[in-house]
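J.: Based on the provided sequences and hints, a complete structural model is requested.
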Amino acid sequence: MKRLFICAGIFLFVMLSSWMSLRSLEKVTKELDSAALACIESYDKDDGRLYDRLDELMTCWEAYNKKVSFITRSSSLEELAVSVSRLNDLVDNQGGDFRSELNAIIFRADVIYENQRPLPQSIL
Amino acid sequence: MGEIALFIVFFRAIILYVIMIFCIRLTGKRQLGEFQPGELVVTIMLSNLATLPIEDINIPVAMGLVPILTIVCLDVFMSYISMSSRTVRRLISGSPKILISQGVVDQSVMRKLRFTVDDLFEALRGQQVFDITDVQLAIVETTGQISVYVKKEKSPLTLGDVKEVDSGGDPPLLVVDCGTVVKGVLSTIGCDDKWLKKVLKKEGCQINDIYIMTADSEKNYNIIKKENGK
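As given, the protein sequences belong to chains F and H, one line each in that order.
All letters in the first sequence, in the order written, are residues 1 to 124 by the numbering used here.
All letters in the second sequence, in the order written, are residues 1001 to 1230 by the numbering used here.
It is worth saying that the hints were derived from the structure and are not from the lab.
Owing to the predicted nature of the structure, the values given are computational and were not obtained by experimental measurement.
Hints may be right or wrong, so weigh each one.
Rough simulated footprint, nothing fancy, chain F against chain H, three-plus residues with beta-carbon under 8 Å [as the list claims (entries may be wrong)]:
no., stretch
1, 1054-1060
2, 1064-1071
3, 1076-1089
So these bits of chain F aren't anywhere near chain H, every CB distance computed over 12 Å [stated by the list, open to error]:
no., residue
4, R3
5, E26
6, L37
7, S42
8, G48
9, R49
10, R73
11, D92
12, A104
From the three backbone atoms N, C-alpha and C, an ideal C-beta is built for every residue, glycine too.
T.: What follows is the structure, encoded as C-alpha cells:
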C-alpha cells in the first residue's frame, strides 16, 4: 500500500508540474510577445523609447530562455536566440528587417507554446 | 561545446541512473524476474525513454523523466487494480493454459498459443522431461514459462518417500560480514549477542578477525577468519 501512495504522490506531482510548466510557459510567452509588440510600436511611431523597449525585450528573453530550456528542445530555442541576437544590429537599419525579426520572435515563441499544449492534434 | 556537452551527458546519465533504480525498485521485485506482458512493455519503454535525454542533449531531462515516472506510476496502479480484479488481471496478463493433460497434448491450445512441437519439446527438456508420456500436467504460465508436473511413477525418489525426515532446518544465514554483525540475522535464527560472544570466546577470536560467519537455527555455525588479519 505504501508503494501505491508513493506512486499516487509522484503521479500528482508530475501532473501538477506539467500543468504549472504550461502556465509558466504561457506567462513568459505573453511577456515576450508584449515586449516584442511594444518594440514594433515604438519602431513604427519612432517615439524615442525604442532602446528602452529593446532592453525590456532582452530582460524578457533572458527570463523566457531560462524557464523554457527546461521543457522544450534546445534547437527550438536556438532559432529564437538567433533572432534576438540580431535585433541590436538591425535596430538602426531602415530596411524593415528589424520589424520582421520581431514578428519572427513572436511567431516562434507562439509555436513553442502551441506545441506544448495538450491538444488532440499534438497528442495524436 | 564538446566538453560542455560531455558534462551534460555525464550528469544526465547519473540523474537517470538514480531515477531508473528508484523506478525499478518502485515497480517491485517481480519486475526483475519473469515478465508478465505488462511488465515487459514497461521495461522496454523505460529502457528506451531513459536513453533518449542522455543521448540527445537537445531534449530536456524533464522530457525523459515525465514519461518514465508516469509509466511507472501507471504500472503500479494497474498492478493494484489487477490484484483486486480477476477480470482485469486476465485482461492484462492472460491466464495459464493447460498444454498437456495425462500425457496427452491439447493440440487446439498448441495452435491457439502458436506453439510448435519443437517449442514444446525444448521446454520439456528444460524441465528434465524427455518423454511426453511422463507428463501428468503441463501448464503454460502467463510469463510464457511451462510448468511441468511429472506422473507419480516417473517422479524421482525423495528422502520423504523412503523415511521420515525432520522437516525443519532453514539454510544457514550470514551472521558476520567482514567483521560486522549483519543486522537482524541473530534474532531470525533464534540467537542473541550472548550466544555470539560465547562462540567468539570458544573460537578464541574477536569479531574483527572474522571474514564470514554463517549460522542456522540449530546453532550450527561456520567461521572463516580474515587472512593475515586484514
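J.: Against each hint, give a clear statement of whether it holds in the structure.
T.: Do the hints match the structure? See the list:
| no. | hint | verdict |
| --- | --- | --- |
| 1 | 1054-1060 | holds (count 4) |
| 2 | 1064-1071 | holds (count 3) |
| 3 | 1076-1089 | holds (count 3) |
| 4 | R3 | violated, 6 Å |
| 5 | E26 | holds, 17 Å |
| 6 | L37 | holds, 28 Å |
| 7 | S42 | holds, 34 Å |
| 8 | G48 | holds, 40 Å |
| 9 | R49 | holds, 36 Å |
| 10 | R73 | violated, 5 Å |
| 11 | D92 | holds, 31 Å |
| 12 | A104 | holds, 21 Å |
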